[in-house]
Amino acid sequence: MFSDVNWTVFFMQLFFGLALGSIFVLLASGLSIIYGLLDVVNFAHGTFAMLGAYAVFVAVSLSGSFAVGIISAVAIVALIGVLVELFLLKPLYGKDPLLPLLLTFGLSVAVPDLVKIVFGLTGKPVAYPEGLSGATLAGPLILSNYRLFIIVFTLVILISLWLFLKKSDLGMIIRAATRDSLMVQVLGTNTSRIWTIGFALGTGLAALAGAIAVPMLAATPDMGVEMTMTAFVVTVVGGLGSLGGAIVGGLLIGVIVAFTSLVAGEYSNVAMYFCMAVILLIRPRGLFGESGRE
Amino acid sequence: MTEPIESRETMLRDVNAKPRSTVVWAAALVLAALPLVISVPLATDILIWGIFGMGFNLLLGYTGVLSFGHAAYFGLGAYASGLAMRYWGAGIWAAIAAGVAAPMLLACFIGALAIRRRGVYFAMISLAFGQMLFFLALSPLKHITRGEDGLTHIPLAEVFSLPLHKPVPIYYFIFAITTVMLYMTWRILESPFGRLLRAFRENEERAKACGYNTTLVKFFTLVLSALYGGLAGALNMLYLNYVPLTTLFWLTSGTIVMMTILGGKGTFLGPLVGAAVFLFLQNTISLWTPRWELFVGAIFVAIILAFPGGIMGTIRTIVNNRKTARLQKRAPAVPSEG
Amino acid sequence: MKRKTGTTVSRRNFLKGAAIGGAALAGGGIPFIVRMAHAKEGVVKYGTMHPLTGPYSALGTDQRNATQLAVEEWNAKGGVLGHKIEWVHRDDQLNGAVALRRVKELVEEEKCGFIGGTLSGAISLAINEFANKNRIPYVAYCQSDMVLGSDQGKYGFAFMVIPYSAALATSKYAFEKLGKKWFSLTADYRWGQSLLEGWIWQSQQMGGQFLGNVYHPLGATDYSTYLTRIMAAKPEVLVMNNLGADQTAAIKQMSELGLTKSMKVVCTKTAMTTMKEAGAAYDENIMGGMTFYWGLKDKYPGAKKFMDTYMKKFGQPIEQDGESGYVATNALFMAMEKAGTVTDKEKIVAALEGLKYTLTKGPEVVRACDHQREQSYLLVKGKGKKAQGWDLADIVAEIPGASIIMSCEDNAKKLPFANVKLP
Numbered sequence: 001m002f003s004d005v006n007w008t009v010f011f012m013q014l015f016f017g018l019a020l021g022s023i024f025v026l027l028a029s030g031l032s033i034i035y036g037l038l039d040v041v042n043f044a045h046g047t048f049a050m051l052g053a054y055a056v057f058v059a060v061s062l063s064g065s066f067a068v069g070i071i072s073a074v075a076i077v078a079l080i081g082v083l084v085e086l087f088l089l090k091p092l093y094g095k096d097p098l099l100p101l102l103l104t105f106g107l108s109v110a111v112p113d114l115v116k117i118v119f120g121l122t123g124k125p126v127a128y129p130e131g132l133s134g135a136t137l138a139g140p141l142i143l144s145n146y147r148l149f150i151i152v153f154t155l156v157i158l159i160s161l162w163l164f165l166k167k168s169d170l171g172m173i174i175r176a177a178t179r180d181s182l183m184v185q186v187l188g189t190n191t192s193r194i195w196t197i198g199f200a201l202g203t204g205l206a207a208l209a210g211a212i213a214v215p216m217l218a219a220t221p222d223m224g225v226e227m228t229m230t231a232f233v234v235t236v237v238g239g240l241g242s243l244g245g246a247i248v249g250g251l252l253i254g255v256i257v258a259f260t261s262l263v264a265g266e267y268s269n270v271a272m273y274f275c276m277a278v279i280l281l282i283r284p285r286g287l288f289g290e291s292g293r294e
Numbered sequence: 001m002t003e004p005i006e007s008r009e010t011m012l013r014d015v016n017a018k019p020r021s022t023v024v025w026a027a028a029l030v031l032a033a034l035p036l037v038i039s040v041p042l043a044t045d046i047l048i049w050g051i052f053g054m055g056f057n058l059l060l061g062y063t064g065v066l067s068f069g070h071a072a073y074f075g076l077g078a079y080a081s082g083l084a085m086r087y088w089g090a091g092i093w094a095a096i097a098a099g100v101a102a103p104m105l106l107a108c109f110i111g112a113l114a115i116r117r118r119g120v121y122f123a124m125i126s127l128a129f130g131q132m133l134f135f136l137a138l139s140p141l142k143h144i145t146r147g148e149d150g151l152t153h154i155p156l157a158e159v160f161s162l163p164l165h166k167p168v169p170i171y172y173f174i175f176a177i178t179t180v181m182l183y184m185t186w187r188i189l190e191s192p193f194g195r196l197l198r199a200f201r202e203n204e205e206r207a208k209a210c211g212y213n214t215t216l217v218k219f220f221t222l223v224l225s226a227l228y229g230g231l232a233g234a235l236n237m238l239y240l241n242y243v244p245l246t247t248l249f250w251l252t253s254g255t256i257v258m259m260t261i262l263g264g265k266g267t268f269l270g271p272l273v274g275a276a277v278f279l280f281l282q283n284t285i286s287l288w289t290p291r292w293e294l295f296v297g298a299i300f301v302a303i304i305l306a307f308p309g310g311i312m313g314t315i316r317t318i319v320n321n322r323k324t325a326r327l328q329k330r331a332p333a334v335p336s337e338g
Numbered sequence: 001m002k003r004k005t006g007t008t009v010s011r012r013n014f015l016k017g018a019a020i021g022g023a024a025l026a027g028g029g030i031p032f033i034v035r036m037a038h039a040k041e042g043v044v045k046y047g048t049m050h051p052l053t054g055p056y057s058a059l060g061t062d063q064r065n066a067t068q069l070a071v072e073e074w075n076a077k078g079g080v081l082g083h084k085i086e087w088v089h090r091d092d093q094l095n096g097a098v099a100l101r102r103v104k105e106l107v108e109e110e111k112c113g114f115i116g117g118t119l120s121g122a123i124s125l126a127i128n129e130f131a132n133k134n135r136i137p138y139v140a141y142c143q144s145d146m147v148l149g150s151d152q153g154k155y156g157f158a159f160m161v162i163p164y165s166a167a168l169a170t171s172k173y174a175f176e177k178l179g180k181k182w183f184s185l186t187a188d189y190r191w192g193q194s195l196l197e198g199w200i201w202q203s204q205q206m207g208g209q210f211l212g213n214v215y216h217p218l219g220a221t222d223y224s225t226y227l228t229r230i231m232a233a234k235p236e237v238l239v240m241n242n243l244g245a246d247q248t249a250a251i252k253q254m255s256e257l258g259l260t261k262s263m264k265v266v267c268t269k270t271a272m273t274t275m276k277e278a279g280a281a282y283d284e285n286i287m288g289g290m291t292f293y294w295g296l297k298d299k300y301p302g303a304k305k306f307m308d309t310y311m312k313k314f315g316q317p318i319e320q321d322g323e324s325g326y327v328a329t330n331a332l333f334m335a336m337e338k339a340g341t342v343t344d345k346e347k348i349v350a351a352l353e354g355l356k357y358t359l360t361k362g363p364e365v366v367r368a369c370d371h372q373r374e375q376s377y378l379l380v381k382g383k384g385k386k387a388q389g390w391d392l393a394d395i396v397a398e399i400p401g402a403s404i405i406m407s408c409e410d411n412a413k414k415l416p417f418a419n420v421k422l423p
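Residue numbers (the numbering used here), protein chains in the order written: chain B, 1 to 294; chain F, 1 to 338; chain H, 1 to 423.
Keep in mind that the hints were calculated from the coordinates and are not lab data. These figures come from a predicted structure and were not determined experimentally. Glycine is no exception: its CB is placed at the ideal position from the N, C-alpha and C atoms. This list has only true hints and no planted wrong ones.
Subject to a maximum C-alpha distance of 25 Å in a straight line, what follows is the list of computed SDA-like cross-link-like pairs (lysine to any residue):
1) LYS95(B) - GLU202(F)
2) LYS413(H) - GLU353(H)
3) LYS142(F) - LYS414(H)
Output of the computed footprint for chain H on chain F, the stretches with three or more beta carbons under 8 Å from beta carbons of chain H:
4) 139-149
5) 152-164
6) 289-303
Can you make the complete structure from the sequences, with help from the hints?
Rendered as structure tokens:
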């Protein structure tokens, strides 16, 4: 039944699915960190990713280096994140928990128009970085170098994120604040600053996702919405506020989309949402969600 | 103000006027005259979105449940009624009935699945369900929905021998239904269920402590809200004689959220006012610059930051503050009884 | 730098818009919204709709600019038969519900006697239906099936090629010059499927070998997952029946794997924005179909005159969607002159039927039987890294209109494509 060709197809699809999932993981982990720490569902998450994509375009056209592009994308967008948190979100803490969601929704409506005014209506291209174009042959498998890079890069980012949260003092405080921010405050830490850092971290991750996705697409003002939606689905599947959930959920959705594309391409979007509905039926809080937080 | 918070709240409760039936008739009067002032298509749109908003507001404004997938009910209502007219030759009332019933069933399903979840979580889930419906209609079900093309070739409708494809008859037809829905909303808010809703709006925890089943209340309100959404969708179908796929798109959900917040959630007239202001802004700004979303988005952000009560909520707060001040001035000597 | 001009223009527009918008909001005159419009005597009123917001706003803006240019040129000549042309346009947001309400506004409130525009075939179908029910002549700027089968109507005219013609033109060239073994990547909606039907039919006629097709949902962002099947099929020609961001992403992700080197890619319809967005990935191995490319100005004096005036006014060349708007607007007013009336719609429609003109390409005709503009279709190929500014592509072939248009009898029944079995 399973000839060699079929196994080749299977592994190729798995590979593409994991690469796709890696981008979802970066997106969703940012969303999860923000939610875990600030209790804010960031509706503008995809918008930040879009800003990241544009930042890469600008940095690459100025410097010619994709690495510089990624670093400046994260830096610029995290900085924007800090400003948004300080001036727009901070006044809403302690009020209706839905207000931050609505506010970021407003941003996701307004910001793409700003981008159109600055960069024009037509999207901007970013070429694949020089050393990463082409494909590597692994037996019968043709593996795209850039997708390999995405997987490895995401892995590196996740490990450093994990080390940062587990080992560093700041990471420890962030984790504690995610659990119980009041207690952290009582113990004498300025949680207000922790929240700002957390929001910057989350939006920085979103920018990272936008930055590594942009060579495969083009930086367009309206690209953010789809990313927000995907991040939502991944987070619901993985469990809101759980980093592990974001990782497993992202990879799972990526692989599901990949295999649906193979069998019935036109269903690939529906499959993602269908998967979410099934998870909700059998495990409402998501795969890794803590009970009580859903 | 050194007054204890508790007594201020009880005082506010007393001055916080319930919507009187005169509000219903006054609103109807204004709406009846609307086409004389603004363009008829704009006025018709305001009514349709107003009905949609009334239902959305019951859910968001009173039970605090934010549904970011309300396009599902609006779109399903439009599709169900449109399909009924196009394929089964249903009359206008049967079509509307179909357009109301289908979304209510959907709401039962989504509600059973997700209404227990926390606020933001429900918002995300409902959004995702809405998108699922959109993508279903776009591709897998395109033999029924006709996919991206939307439903065209829907027969022209007549009611009491009024041709509904003419601008003025359809306006007053929808106006009549809007008035009924305004009255119904008022009755709902006056009923014991409505008092429960108002208690919810003031303080959900207290309502819960009083032994009310909050999940059940939220569930019923969601289904009720789907009724409004479906009705608005069906009317939109009748008005356009067409069901575009975009009725199911998430932007439709986003729009109703913006309108309701703009007008004032949890206020009786908020959704209508919000729909009117939003559509008016959209129309006016887009005449001068294609970048109207920037302005509307920025106004929305400003409202969230400075006037979270929206237009009607802010007016209500101002009026209430004046009343409180007057009451305090009038009875300074009476000892507070708590 | 060309790019700079675009930015300043839009910024200036924005500032102007902000200032006027502010004034309007402050309670100044708000025409069009408040009921002030009346049918003015002796004025020809023409209303159009374009997606000025949303993912295709660049193309929508071209449509608007082209219409503006055409109207200004006519008014500079003294109008139509001495009547001034008043033109109003609206943003349809690429949203069917908004578009139809705007049309109602244009017709019922603004009292426009003639309507035009739209970029989406789906929306054009709905507007066409409305136009025919209300007897308003409508000139569509986009690729649309509205002139076929049961959607045919007395008052609707299509000024872009219909999807089938685009498919016939590109497939004819591909099978003659590039290879017979083909595979397709198709956006899963009516337009994409119409193109696919055209390709399959042509393949049967010309002995092509159809290796398979994959559908992708509209607005998909990842194409790598579809590539496995394409690589396994090893076609000589890969056909893309999609548009905009979908096409950009598909091309970029094919180039990532080096697939664009091992097979020819043929986009049934492409656009300059796609070439700009895909950047260097849109190279010599990628061909695309277009009804108009500014490079035609070396071939036709009409194209040169049109492009020179347009470039001078708007600072960048026009896309095909804008060009069809320019021709549609001109044809409408020409028909009025031919009919000798600006009010009798029946006569104007009759004059549009069979109208002959030479504007932006060679001599063309609006076919009387099915109301479509008979025009040639271009095949261009990308320039990859050599592309500079707006010099994005080379014209490879111009396929004459007569060879890609089906007979009136066939079009009335959507034949022969209605019999094609889609995978």
